[in-house]
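Asker: Sequence:
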Amino acid sequence: MFKLPRNKNPSFSNSFNPCVFPMLERPFQFFSSLRLTVVLLAIATVLVFVGTLAQVEEGLYLAQNRYFKSFLIFWTPGNSSIQIPILPGGYTVGTLLLINLVAAHVKRFEFTRKKAGIFLTHIGIVLLLVGQLATDMLSTESALRFNEGETKNYSEDFHANELVIIDTSDADKDHVMSIPDGRLRPGAEIRHERLPFTLQVLEFWPNSDLFSQSTNGTLEVRASQGVGVGLHLLPRPITTKMDERNLPSALVRITAGGQDLGTWLVSSMLSRKQVLTHGSKTYSLALRFKRHYTPYSMTLLDADNEYYVGTKKPKHFSSRVRIEHTESKENRESLIYMNNPLRYQGLTYYQFQMGTGEGGLGQSSTLQVVRNPSWLTPYLGCVIVAAGLTLQFMIHLVGFATRRKEAA
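Using numbering that gives the first Met the number 0, the first residue of the sequence shown is number 0, and each one after it goes up by one.
Please keep in mind that the hints were generated in silico from the structure rather than gathered at the bench. Mixed in with the good hints, there may be bad ones.
[Said to hold, decoys possible] Straight-line distance between alpha carbons at most 16 Å, and here's what the computed EDC-like set of lysine to aspartate or glutamate pairs gives:
{"#": "1", "residue 1": "K106", "residue 2": "D171"}
{"#": "2", "residue 1": "K240", "residue 2": "E57"}
{"#": "3", "residue 1": "K289", "residue 2": "D156"}
{"#": "4", "residue 1": "K280", "residue 2": "D171"}
{"#": "5", "residue 1": "K289", "residue 2": "E140"}
{"#": "6", "residue 1": "K68", "residue 2": "D169"}
{"#": "7", "residue 1": "K280", "residue 2": "D169"}
{"#": "8", "residue 1": "K151", "residue 2": "D301"}
{"#": "9", "residue 1": "K68", "residue 2": "E57"}
{"#": "10", "residue 1": "K151", "residue 2": "E323"}
{"#": "11", "residue 1": "K151", "residue 2": "E24"}
{"#": "12", "residue 1": "K280", "residue 2": "E155"}
{"#": "13", "residue 1": "K314", "residue 2": "D303"}
{"#": "14", "residue 1": "K68", "residue 2": "E140"}
{"#": "15", "residue 1": "K289", "residue 2": "D171"}
{"#": "16", "residue 1": "K240", "residue 2": "E56"}
{"#": "17", "residue 1": "K280", "residue 2": "D166"}
{"#": "18", "residue 1": "K272", "residue 2": "D173"}
{"#": "19", "residue 1": "K272", "residue 2": "D171"}
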(Lines of atoms letter the chains of each structure in order from A and count residues from 1; the text may use other names and numbers.)
(Lines give C-alpha, C1' and ligand atoms only; values in the text may rest on other atoms or scores of the structure.)
Protein backbone atom coordinates (compact mmCIF):
# COMPACT_ATOMS: atom_id res chain seq x y z
CA MET A 1 0.00 0.00 0.00
CA PHE A 2 1.29 3.47 -0.93
CA LYS A 3 2.10 5.53 2.15
CA LEU A 4 3.49 9.02 2.47
CA PRO A 5 6.14 9.56 5.18
CA ARG A 6 4.64 10.85 8.39
CA ASN A 7 5.59 14.41 9.27
CA LYS A 8 6.03 14.29 13.05
CA ASN A 9 8.08 17.47 13.11
CA PRO A 10 6.35 20.52 11.60
CA SER A 11 9.56 21.60 9.90
CA PHE A 12 9.62 21.70 6.12
CA SER A 13 12.78 19.58 5.89
CA ASN A 14 11.01 16.50 7.16
CA SER A 15 8.59 16.59 4.22
CA PHE A 16 11.00 17.76 1.54
CA ASN A 17 14.74 17.45 1.22
CA PRO A 18 16.10 20.98 1.84
CA CYS A 19 19.06 20.16 -0.36
CA VAL A 20 16.68 19.76 -3.29
CA PHE A 21 14.15 22.51 -2.42
CA PRO A 22 16.03 24.97 -0.18
CA MET A 23 14.35 28.06 -1.66
CA LEU A 24 10.83 26.64 -1.31
CA GLU A 25 10.98 26.04 2.44
CA ARG A 26 9.75 29.43 3.65
CA PRO A 27 7.07 29.90 0.93
CA PHE A 28 5.78 26.39 1.63
CA GLN A 29 5.60 27.10 5.38
CA PHE A 30 3.63 30.27 4.64
CA PHE A 31 1.14 28.74 2.21
CA SER A 32 0.54 25.68 4.40
CA SER A 33 -0.01 27.76 7.55
CA LEU A 34 -3.28 27.43 9.42
CA ARG A 35 -3.00 31.12 10.27
CA LEU A 36 -3.27 31.87 6.56
CA THR A 37 -6.42 29.74 6.46
CA VAL A 38 -8.01 31.75 9.28
CA VAL A 39 -7.06 35.08 7.67
CA LEU A 40 -8.42 34.05 4.27
CA LEU A 41 -11.69 32.80 5.75
CA ALA A 42 -12.04 36.08 7.66
CA ILE A 43 -11.44 38.09 4.48
CA ALA A 44 -13.95 35.90 2.63
CA THR A 45 -16.53 36.64 5.34
CA VAL A 46 -15.90 40.38 4.96
CA LEU A 47 -16.19 40.11 1.16
CA VAL A 48 -19.53 38.31 1.36
CA PHE A 49 -20.88 40.83 3.88
CA VAL A 50 -19.69 43.95 2.04
CA GLY A 51 -20.55 42.55 -1.39
CA THR A 52 -24.08 41.69 -0.28
CA LEU A 53 -24.65 45.22 1.07
CA ALA A 54 -23.19 46.74 -2.10
CA GLN A 55 -25.85 45.04 -4.21
CA VAL A 56 -28.41 47.52 -2.86
CA GLU A 57 -26.65 50.48 -4.53
CA GLU A 58 -24.60 48.86 -7.29
CA GLY A 59 -26.87 46.00 -8.29
CA LEU A 60 -26.07 42.30 -8.52
CA TYR A 61 -23.99 42.43 -11.72
CA LEU A 62 -21.65 45.29 -10.72
CA ALA A 63 -21.27 44.06 -7.14
CA GLN A 64 -20.34 40.56 -8.30
CA ASN A 65 -17.74 41.91 -10.72
CA ARG A 66 -16.24 44.29 -8.18
CA TYR A 67 -16.07 42.08 -5.09
CA PHE A 68 -16.21 38.46 -6.22
CA LYS A 69 -15.04 38.32 -9.85
CA SER A 70 -11.87 40.36 -9.32
CA PHE A 71 -8.34 39.98 -8.00
CA LEU A 72 -8.26 43.30 -6.13
CA ILE A 73 -10.92 45.65 -4.74
CA PHE A 74 -10.17 49.32 -5.38
CA TRP A 75 -11.37 52.46 -3.60
CA THR A 76 -11.60 55.77 -5.44
CA PRO A 77 -11.39 58.82 -3.12
CA GLY A 78 -13.84 61.58 -4.02
CA ASN A 79 -14.13 62.39 -7.71
CA SER A 80 -10.49 61.59 -8.48
CA SER A 81 -9.30 58.97 -10.94
CA ILE A 82 -6.92 57.41 -8.41
CA GLN A 83 -7.69 53.79 -7.52
CA ILE A 84 -6.31 52.47 -4.24
CA PRO A 85 -6.41 48.69 -3.59
CA ILE A 86 -7.97 48.02 -0.19
CA LEU A 87 -8.83 44.29 -0.19
CA PRO A 88 -8.07 41.17 -2.22
CA GLY A 89 -10.93 40.19 -4.50
CA GLY A 90 -12.78 36.91 -4.72
CA TYR A 91 -10.41 35.40 -7.29
CA THR A 92 -7.38 36.12 -5.08
CA VAL A 93 -8.99 34.73 -1.93
CA GLY A 94 -10.24 31.63 -3.74
CA THR A 95 -6.87 30.94 -5.38
CA LEU A 96 -4.99 31.35 -2.09
CA LEU A 97 -7.47 29.09 -0.30
CA LEU A 98 -6.92 26.44 -2.96
CA ILE A 99 -3.13 26.69 -2.62
CA ASN A 100 -3.42 26.66 1.18
CA LEU A 101 -5.61 23.57 1.16
CA VAL A 102 -3.27 21.63 -1.14
CA ALA A 103 -0.12 22.72 0.72
CA ALA A 104 -1.56 21.91 4.15
CA HIS A 105 -2.75 18.55 2.84
CA VAL A 106 0.73 17.68 1.52
CA LYS A 107 2.44 18.85 4.70
CA ARG A 108 0.24 17.30 7.38
CA PHE A 109 -1.78 14.52 5.83
CA GLU A 110 -0.60 10.91 5.97
CA PHE A 111 -2.48 8.70 3.56
CA THR A 112 -3.67 5.50 5.19
CA ARG A 113 -6.64 3.27 4.63
CA LYS A 114 -8.32 4.73 7.72
CA LYS A 115 -8.09 8.26 6.30
CA ALA A 116 -9.27 7.46 2.78
CA GLY A 117 -12.55 9.30 3.39
CA ILE A 118 -10.75 12.49 4.45
CA PHE A 119 -8.52 12.28 1.39
CA LEU A 120 -11.57 11.91 -0.86
CA THR A 121 -13.32 14.82 0.87
CA HIS A 122 -10.34 17.10 0.26
CA ILE A 123 -10.33 16.17 -3.43
CA GLY A 124 -14.01 17.12 -3.62
CA ILE A 125 -13.39 20.51 -1.97
CA VAL A 126 -10.51 21.23 -4.36
CA LEU A 127 -12.77 20.33 -7.29
CA LEU A 128 -15.46 22.71 -5.99
CA LEU A 129 -12.98 25.59 -5.74
CA VAL A 130 -11.53 24.94 -9.19
CA GLY A 131 -15.00 24.49 -10.67
CA GLN A 132 -16.25 27.80 -9.28
CA LEU A 133 -13.24 29.64 -10.68
CA ALA A 134 -13.75 27.98 -14.09
CA THR A 135 -17.45 28.87 -14.04
CA ASP A 136 -16.77 32.54 -13.30
CA MET A 137 -14.13 32.87 -16.00
CA LEU A 138 -15.59 30.69 -18.78
CA SER A 139 -19.37 30.91 -18.48
CA THR A 140 -21.51 33.40 -20.43
CA GLU A 141 -25.15 34.41 -20.09
CA SER A 142 -27.35 35.94 -22.75
CA ALA A 143 -31.00 36.21 -23.76
CA LEU A 144 -32.88 34.95 -26.80
CA ARG A 145 -36.05 36.98 -27.32
CA PHE A 146 -38.32 36.22 -30.25
CA ASN A 147 -41.95 36.44 -31.27
CA GLU A 148 -44.13 33.54 -32.34
CA GLY A 149 -43.06 32.48 -35.83
CA GLU A 150 -39.74 34.34 -35.62
CA THR A 151 -36.44 32.56 -36.30
CA LYS A 152 -33.06 33.56 -34.82
CA ASN A 153 -29.57 32.10 -34.78
CA TYR A 154 -28.15 34.32 -32.05
CA SER A 155 -28.74 35.48 -28.49
CA GLU A 156 -28.01 38.91 -27.01
CA ASP A 157 -25.79 39.70 -24.05
CA PHE A 158 -27.49 40.99 -20.90
CA HIS A 159 -24.97 43.79 -20.32
CA ALA A 160 -22.37 44.19 -23.08
CA ASN A 161 -22.98 46.21 -26.25
CA GLU A 162 -21.15 46.47 -29.56
CA LEU A 163 -20.84 48.95 -32.39
CA VAL A 164 -21.09 46.98 -35.62
CA ILE A 165 -20.07 48.09 -39.09
CA ILE A 166 -21.47 45.65 -41.64
CA ASP A 167 -20.17 45.50 -45.20
CA THR A 168 -23.27 44.52 -47.21
CA SER A 169 -21.64 44.79 -50.66
CA ASP A 170 -21.10 41.04 -51.00
CA ALA A 171 -24.24 39.38 -52.34
CA ASP A 172 -23.41 36.05 -50.69
CA LYS A 173 -22.56 37.13 -47.14
CA ASP A 174 -22.12 40.13 -44.88
CA HIS A 175 -18.75 41.07 -43.39
CA VAL A 176 -19.21 42.29 -39.81
CA MET A 177 -16.75 44.39 -37.83
CA SER A 178 -17.60 44.44 -34.10
CA ILE A 179 -16.25 47.11 -31.73
CA PRO A 180 -16.82 46.59 -27.96
CA ASP A 181 -18.66 49.40 -26.19
CA GLY A 182 -15.67 49.77 -23.85
CA ARG A 183 -13.82 51.56 -26.68
CA LEU A 184 -16.59 54.10 -27.19
CA ARG A 185 -15.20 56.93 -25.10
CA PRO A 186 -15.25 60.64 -26.05
CA GLY A 187 -12.13 61.49 -28.05
CA ALA A 188 -11.35 57.89 -29.01
CA GLU A 189 -10.45 57.12 -32.62
CA ILE A 190 -11.21 53.72 -34.11
CA ARG A 191 -9.18 52.42 -37.04
CA HIS A 192 -8.90 48.98 -38.58
CA GLU A 193 -7.24 47.54 -41.65
CA ARG A 194 -10.61 46.26 -42.88
CA LEU A 195 -12.19 49.72 -42.65
CA PRO A 196 -11.48 52.35 -45.33
CA PHE A 197 -12.48 55.12 -42.92
CA THR A 198 -11.86 56.31 -39.35
CA LEU A 199 -14.43 56.72 -36.59
CA GLN A 200 -14.00 59.44 -33.98
CA VAL A 201 -16.21 59.22 -30.90
CA LEU A 202 -17.56 62.68 -30.06
CA GLU A 203 -20.00 61.77 -27.28
CA PHE A 204 -21.02 58.63 -25.44
CA TRP A 205 -23.98 58.13 -23.09
CA PRO A 206 -24.02 54.80 -21.14
CA ASN A 207 -27.79 55.06 -20.70
CA SER A 208 -30.13 57.28 -22.64
CA ASP A 209 -33.54 57.82 -24.17
CA LEU A 210 -34.43 59.27 -27.56
CA PHE A 211 -37.27 61.63 -28.47
CA SER A 212 -38.46 63.07 -31.76
CA GLN A 213 -39.23 66.41 -30.10
CA SER A 214 -37.53 68.49 -27.44
CA THR A 215 -38.68 67.92 -23.86
CA ASN A 216 -37.35 68.91 -20.45
CA GLY A 217 -33.71 67.94 -20.03
CA THR A 218 -33.15 66.67 -23.57
CA LEU A 219 -30.15 67.49 -25.73
CA GLU A 220 -30.33 68.18 -29.44
CA VAL A 221 -28.38 65.51 -31.28
CA ARG A 222 -25.81 67.10 -33.60
CA ALA A 223 -26.09 64.37 -36.23
CA SER A 224 -25.74 65.33 -39.88
CA GLN A 225 -26.36 61.90 -41.39
CA GLY A 226 -28.58 58.90 -40.71
CA VAL A 227 -31.80 58.50 -38.77
CA GLY A 228 -30.43 60.52 -35.84
CA VAL A 229 -30.93 63.83 -37.64
CA GLY A 230 -33.46 65.93 -35.72
CA LEU A 231 -33.67 63.61 -32.72
CA HIS A 232 -33.29 64.70 -29.11
CA LEU A 233 -31.49 62.69 -26.43
CA LEU A 234 -32.09 62.48 -22.70
CA PRO A 235 -29.12 61.17 -20.67
CA ARG A 236 -30.21 58.82 -17.90
CA PRO A 237 -28.39 57.45 -14.85
CA ILE A 238 -26.86 54.01 -15.20
CA THR A 239 -29.38 51.48 -13.93
CA THR A 240 -28.34 48.56 -11.74
CA LYS A 241 -31.74 46.89 -11.49
CA MET A 242 -32.00 43.27 -12.58
CA ASP A 243 -35.14 43.85 -14.68
CA GLU A 244 -33.79 46.93 -16.51
CA ARG A 245 -31.11 47.40 -19.14
CA ASN A 246 -28.90 50.34 -19.99
CA LEU A 247 -29.53 51.73 -23.48
CA PRO A 248 -26.30 53.41 -24.64
CA SER A 249 -25.95 55.96 -27.43
CA ALA A 250 -22.93 57.50 -29.13
CA LEU A 251 -22.22 60.32 -31.56
CA VAL A 252 -19.44 59.46 -34.03
CA ARG A 253 -17.78 61.35 -36.86
CA ILE A 254 -16.62 59.32 -39.86
CA THR A 255 -13.77 60.52 -42.05
CA ALA A 256 -11.84 58.97 -44.94
CA GLY A 257 -8.68 60.51 -46.40
CA GLY A 258 -9.58 63.99 -45.20
CA GLN A 259 -13.15 63.67 -46.46
CA ASP A 260 -15.91 64.16 -43.90
CA LEU A 261 -18.55 61.43 -44.24
CA GLY A 262 -20.81 63.00 -41.65
CA THR A 263 -21.69 62.77 -37.98
CA TRP A 264 -23.84 59.79 -37.05
CA LEU A 265 -25.92 58.89 -34.02
CA VAL A 266 -25.78 55.22 -33.10
CA SER A 267 -27.98 53.90 -30.31
CA SER A 268 -29.34 50.61 -29.04
CA MET A 269 -32.76 52.26 -29.20
CA LEU A 270 -32.63 52.74 -32.96
CA SER A 271 -34.15 49.89 -34.93
CA ARG A 272 -34.07 51.55 -38.35
CA LYS A 273 -31.15 50.65 -40.59
CA GLN A 274 -28.46 53.31 -41.18
CA VAL A 275 -26.62 53.01 -44.50
CA LEU A 276 -23.23 54.54 -45.30
CA THR A 277 -21.91 54.52 -48.87
CA HIS A 278 -18.19 54.94 -49.47
CA GLY A 279 -16.60 54.26 -52.82
CA SER A 280 -18.19 51.20 -54.34
CA LYS A 281 -19.18 49.64 -51.03
CA THR A 282 -22.20 49.97 -48.79
CA TYR A 283 -22.01 49.74 -45.00
CA SER A 284 -24.59 49.49 -42.24
CA LEU A 285 -24.02 51.10 -38.82
CA ALA A 286 -25.64 50.00 -35.56
CA LEU A 287 -25.05 50.06 -31.82
CA ARG A 288 -26.70 46.96 -30.42
CA PHE A 289 -26.53 44.39 -27.64
CA LYS A 290 -23.58 42.08 -28.17
CA ARG A 291 -24.65 38.98 -30.11
CA HIS A 292 -23.61 35.37 -29.57
CA TYR A 293 -24.18 33.44 -32.79
CA THR A 294 -24.87 29.70 -33.07
CA PRO A 295 -24.44 27.33 -36.06
CA TYR A 296 -28.14 26.51 -35.86
CA SER A 297 -31.38 28.49 -35.82
CA MET A 298 -34.33 28.34 -33.45
CA THR A 299 -37.95 29.18 -34.30
CA LEU A 300 -40.61 29.97 -31.70
CA LEU A 301 -43.64 27.92 -32.68
CA ASP A 302 -45.85 28.57 -29.66
CA ALA A 303 -45.56 30.53 -26.41
CA ASP A 304 -47.93 29.71 -23.56
CA ASN A 305 -48.19 31.48 -20.21
CA GLU A 306 -50.43 31.00 -17.19
CA TYR A 307 -50.70 33.13 -14.05
CA TYR A 308 -52.19 32.45 -10.66
CA VAL A 309 -55.75 33.80 -10.50
CA GLY A 310 -55.88 37.47 -9.56
CA THR A 311 -52.09 37.92 -9.64
CA LYS A 312 -49.23 38.47 -12.05
CA LYS A 313 -47.25 35.65 -10.46
CA PRO A 314 -46.32 33.12 -13.16
CA LYS A 315 -47.78 29.66 -12.78
CA HIS A 316 -46.57 28.08 -16.01
CA PHE A 317 -44.47 29.41 -18.90
CA SER A 318 -43.60 27.25 -21.89
CA SER A 319 -42.07 27.70 -25.33
CA ARG A 320 -42.31 25.17 -28.14
CA VAL A 321 -39.37 25.69 -30.49
CA ARG A 322 -38.00 24.13 -33.66
CA ILE A 323 -34.24 23.59 -33.98
CA GLU A 324 -32.77 23.57 -37.49
CA HIS A 325 -29.09 22.73 -37.95
CA THR A 326 -27.94 23.16 -41.54
CA GLU A 327 -24.69 21.19 -41.15
CA SER A 328 -26.07 18.15 -39.34
CA LYS A 329 -29.45 18.38 -41.16
CA GLU A 330 -31.16 18.13 -37.78
CA ASN A 331 -34.72 19.42 -37.66
CA ARG A 332 -36.70 18.74 -34.51
CA GLU A 333 -39.04 20.33 -31.99
CA SER A 334 -38.53 20.76 -28.27
CA LEU A 335 -40.66 22.05 -25.39
CA ILE A 336 -38.98 24.38 -22.90
CA TYR A 337 -40.79 25.27 -19.70
CA MET A 338 -40.08 26.31 -16.13
CA ASN A 339 -37.54 24.00 -14.44
CA ASN A 340 -37.20 22.02 -17.68
CA PRO A 341 -34.42 23.61 -19.77
CA LEU A 342 -33.12 22.51 -23.14
CA ARG A 343 -29.46 21.46 -23.34
CA TYR A 344 -28.09 21.58 -26.85
CA GLN A 345 -24.50 21.77 -28.15
CA GLY A 346 -22.99 23.12 -24.94
CA LEU A 347 -25.76 25.67 -24.34
CA THR A 348 -28.61 25.53 -21.85
CA TYR A 349 -31.88 27.33 -22.65
CA TYR A 350 -34.05 28.28 -19.66
CA GLN A 351 -37.56 29.70 -19.82
CA PHE A 352 -37.03 33.27 -18.59
CA GLN A 353 -39.83 35.67 -19.48
CA MET A 354 -43.03 36.04 -21.45
CA GLY A 355 -44.46 39.09 -23.14
CA THR A 356 -46.53 40.51 -25.96
CA GLY A 357 -45.16 40.51 -29.47
CA GLU A 358 -44.34 43.60 -31.49
CA GLY A 359 -47.37 45.71 -32.26
CA GLY A 360 -49.31 43.98 -29.50
CA LEU A 361 -49.87 40.93 -31.69
CA GLY A 362 -49.16 37.39 -30.57
CA GLN A 363 -46.84 36.27 -27.81
CA SER A 364 -43.13 36.69 -27.32
CA SER A 365 -40.80 34.55 -25.25
CA THR A 366 -37.39 35.22 -23.73
CA LEU A 367 -35.02 32.33 -23.07
CA GLN A 368 -31.98 32.67 -20.86
CA VAL A 369 -29.00 31.13 -22.67
CA VAL A 370 -26.12 29.88 -20.52
CA ARG A 371 -22.80 28.53 -21.75
CA ASN A 372 -20.95 26.87 -18.87
CA PRO A 373 -18.29 24.33 -19.88
CA SER A 374 -17.77 23.34 -16.23
CA TRP A 375 -21.43 22.92 -15.27
CA LEU A 376 -20.86 19.32 -14.13
CA THR A 377 -18.02 20.25 -11.76
CA PRO A 378 -20.17 21.35 -8.76
CA TYR A 379 -22.27 18.19 -8.97
CA LEU A 380 -19.20 15.98 -9.22
CA GLY A 381 -17.49 17.84 -6.36
CA CYS A 382 -20.53 17.49 -4.09
CA VAL A 383 -20.81 13.78 -4.89
CA ILE A 384 -17.12 13.24 -4.06
CA VAL A 385 -17.41 15.19 -0.78
CA ALA A 386 -20.53 13.23 0.20
CA ALA A 387 -18.83 9.94 -0.71
CA GLY A 388 -15.74 10.90 1.29
CA LEU A 389 -17.72 11.83 4.40
CA THR A 390 -19.82 8.67 4.13
CA LEU A 391 -16.72 6.51 3.67
CA GLN A 392 -14.99 8.11 6.66
CA PHE A 393 -18.09 7.61 8.80
CA MET A 394 -18.32 3.95 7.78
CA ILE A 395 -14.62 3.41 8.55
CA HIS A 396 -15.09 4.79 12.06
CA LEU A 397 -18.33 2.85 12.51
CA VAL A 398 -16.76 -0.46 11.47
CA GLY A 399 -13.75 0.21 13.69
CA PHE A 400 -15.96 1.04 16.65
CA ALA A 401 -18.11 -2.06 16.13
CA THR A 402 -14.99 -4.24 15.82
CA ARG A 403 -13.52 -2.89 19.06
CA ARG A 404 -16.77 -3.48 20.93
CA LYS A 405 -16.97 -7.01 19.61
CA GLU A 406 -13.38 -7.74 20.68
CA ALA A 407 -13.99 -6.23 24.13
CA ALA A 408 -17.05 -8.42 24.62
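Asker: Provide an ascending list of the numbers of those earlier hints which the structure does not satisfy.
Answerer: 1, 6, 11, 12, 15, 19
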